[in-house]
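> Required output: the full structure, derived from the provided sequences and hints.
Protein chains: 2
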Amino acid sequence: MNEAEFIAALRHLPLHPGAQDLRDDAAVIPLRDALLVLTHDMIAEGVHYRAGTDPADIAWKLVAVNLSDLAAKGAAPLGVLIGATLIEGSERFVAGLDEILRAYDVPLLGGDTIASRGPASFGCTAIGRTARAPSRTGAQAGDAIHVTGVIGAAMLDFRAGDGAAYLRPRPRLAEGLALGPHVHAMMDVSDGLLLDAARMAEASGCTAAITLDAVPFAPGIAEADRLEAVRWGDDYELLFTAPAGWMPPVPATRIGTMTPAGPLPLLLDGQAPTERLGYQHG
Amino acid sequence: MNEAEFIAALRHLPLHPGAQDLRDDAAVIPLRDALLVLTHDMIAEGVHYRAGTDPADIAWKLVAVNLSDLAAKGAAPLGVLIGATLIEGSERFVAGLDEILRAYDVPLLGGDTIASRGPASFGCTAIGRTARAPSRTGAQAGDAIHVTGVIGAAMLDFRAGDGAAYLRPRPRLAEGLALGPHVHAMMDVSDGLLLDAARMAEASGCTAAITLDAVPFAPGIAEADRLEAVRWGDDYELLFTAPAGWMPPVPATRIGTMTPAGPLPLLLDGQAPTERLGYQHG
Numbered sequence: 000m001n002e003a004e005f006i007a008a009l010r011h012l013p014l015h016p017g018a019q020d021l022r023d024d025a026a027v028i029p030l031r032d033a034l035l036v037l038t039h040d041m042i043a044e045g046v047h048y049r050a051g052t053d054p055a056d057i058a059w060k061l062v063a064v065n066l067s068d069l070a071a072k073g074a075a076p077l078g079v080l081i082g083a084t085l086i087e088g089s090e091r092f093v094a095g096l097d098e099i100l101r102a103y104d105v106p107l108l109g110g111d112t113i114a115s116r117g118p119a120s121f122g123c124t125a126i127g128r129t130a131r132a133p134s135r136t137g138a139q140a141g142d143a144i145h146v147t148g149v150i151g152a153a154m155l156d157f158r159a160g161d162g163a164a165y166l167r168p169r170p171r172l173a174e175g176l177a178l179g180p181h182v183h184a185m186m187d188v189s190d191g192l193l194l195d196a197a198r199m200a201e202a203s204g205c206t207a208a209i210t211l212d213a214v215p216f217a218p219g220i221a222e223a224d225r226l227e228a229v230r231w232g233d234d235y236e237l238l239f240t241a242p243a244g245w246m247p248p249v250p251a252t253r254i255g256t257m258t259p260a261g262p263l264p265l266l267l268d269g270q271a272p273t274e275r276l277g278y279q280h281g
Numbered sequence: 000m001n002e003a004e005f006i007a008a009l010r011h012l013p014l015h016p017g018a019q020d021l022r023d024d025a026a027v028i029p030l031r032d033a034l035l036v037l038t039h040d041m042i043a044e045g046v047h048y049r050a051g052t053d054p055a056d057i058a059w060k061l062v063a064v065n066l067s068d069l070a071a072k073g074a075a076p077l078g079v080l081i082g083a084t085l086i087e088g089s090e091r092f093v094a095g096l097d098e099i100l101r102a103y104d105v106p107l108l109g110g111d112t113i114a115s116r117g118p119a120s121f122g123c124t125a126i127g128r129t130a131r132a133p134s135r136t137g138a139q140a141g142d143a144i145h146v147t148g149v150i151g152a153a154m155l156d157f158r159a160g161d162g163a164a165y166l167r168p169r170p171r172l173a174e175g176l177a178l179g180p181h182v183h184a185m186m187d188v189s190d191g192l193l194l195d196a197a198r199m200a201e202a203s204g205c206t207a208a209i210t211l212d213a214v215p216f217a218p219g220i221a222e223a224d225r226l227e228a229v230r231w232g233d234d235y236e237l238l239f240t241a242p243a244g245w246m247p248p249v250p251a252t253r254i255g256t257m258t259p260a261g262p263l264p265l266l267l268d269g270q271a272p273t274e275r276l277g278y279q280h281g
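Going down the list, the protein sequences come from chains A and B. Heads up: the first sequence at position 12 corresponds to 11 in numbering that gives the first Met the number 0, and the numbers run straight through without jumps. Heads up: the second sequence at position 246 corresponds to 245 in numbering that gives the first Met the number 0, and the numbers run straight through without jumps.
It should be emphasised that the hints constitute simulated quantities derived from the structure, not laboratory data. Where a beta carbon is used, it is the ideal one built from N, C-alpha and C, also for glycine. One thing to keep in mind: the hints can contain errors.
Stated by the list, open to error - Ranges of calculated distance between the beta carbons of each label pair, as one might list FRET restraints:
#	chain 1	residue 1	chain 2	residue 2	range
1	B	Ala213	A	Ala7	44 to 54 Å
2	A	Asp32	B	Asp20	20 to 30 Å
3	A	Glu227	B	Ala114	16 to 26 Å
4	B	Glu4	A	Ala271	54 to 64 Å
5	A	Thr52	B	Arg253	36 to 46 Å
Said to hold, decoys possible - Some chain B residues flagged as far from chain A (calculated, every beta-carbon gap over 10 Å):
#	residue
6	Pro13
7	Arg31
8	Asp104
9	Gly141
10	Pro250
Claimed, not checked - Pulled a few chain B residues facing chain A out of the computed Cβ check, cut under 10 Å:
#	residue
11	Leu37
12	Asp40
13	Val46
14	Leu85
15	Glu87
16	Gly117
17	Pro118
18	Glu201
19	Ala208
20	Thr210
21	Trp245
Here's what the structure looks like:
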């Protein structure tokens, strides 16, 4: 069973309505006075990071990718739970955890440890709350498509040997809080700008028309790297749509338009992309 | 770093007040109209189950131990998130997940998968809600100590080759809901009756005085096995205290009394136990 088959099988289980058929980054549970947002991501040696990576960076990335899912839902974090394999260098793992929890003022709620042989794996559950949780499905034809920050920084840093942008992504929590009440659809860019935009368009019954020249590439992305950078993940920027003409309350760049659904979920400069769109999990 | 050192290090991080200094089974977050209860436990091949175990049993146990933590807080489950290594037999894992979710009417909220080599590991986060969450710390001198069900069934089944009681524990959710509003202290018996009673007594500033003859042993526990059975874990019964004379609303057996703190947190038949109290994690 690969990941897609596994998730397809899970869809036959009793799902919470807030699980959104397991097609979104996070689950949303309505309570009387707020929406709870819950997300769980794992990272593993040899899959998400190279053996020999500083465990402080592993801890940072583990928490950051989960906080990024909360950001995509416009949620303020309530806390995180951590599951951790005990490893050589667990002290550094705790140090990295301390850094990111303090950086984003997020408290630790609890967790569990295992003493396992073999490659280490780590899990994080983040819980947040919000008054309104945008989903992937809310984009409308005519919406402008925006992205925060720049695209390609993680790719450049990875090539240079696991730099800060790849291992220490900055979840866009403040931006998510500012955007959440207003946007039609929102998600984080974890698997590649094109792939994630295509997923949002497909979930919303639209086609995303992206203009390559409009994409805000990171300084250092050469002309020849641009097509790879839009297929690379790990930038953890926020991708969102809103009515054309609306001015986002945070710095963001308009990179395209949602159009009525055509035969493909995504067009790049009006053309069907000829290669894979991004990082497809195994 | 072993588990105790790791958790001690985590106590220096920014903790949520509801994390209860990482000394309880679950975190409690007060919202306006309810308490949220969150818990995260992992299980790993070679640590919590034997290689070759039916993945359906792994899934059952993974969810059961987390639901048991909710039961100990008197909480009704809202849902679970699952983190899973993709393995040979993931279909059976999904089947076991389906069984326990349906058995306890708990919906799946989401989760994540990893394609990792090496021994598999799995994580579960359970979230529940309650109006009142008993902790380990609330026991008072003079309280009666009770336990639901029987002690030693998991040990017998494990010896017989991973039977139903060991691999398919039944979390005491209904009992927890009935007891939660009334008891002084409550926890689940996961690491051994004596060890868990000692932990509760220590957290509450008491000494637990347990009478071996009063313990409700599983049918098949021989006289000679009794001292081992009270040190064995995995029964997932509820251990709770309440004023002497109070009648529990669910079947339970009184096994002792909380007394003012003496030099030891636990006495068995008035004596200091001479061996380890239960299963101490690595």
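> Sort out which numbered hints this structure fails and list those numbers smallest first.
Failing hints, ascending: 5, 6, 7, 8, 18, 19, 20, 21.
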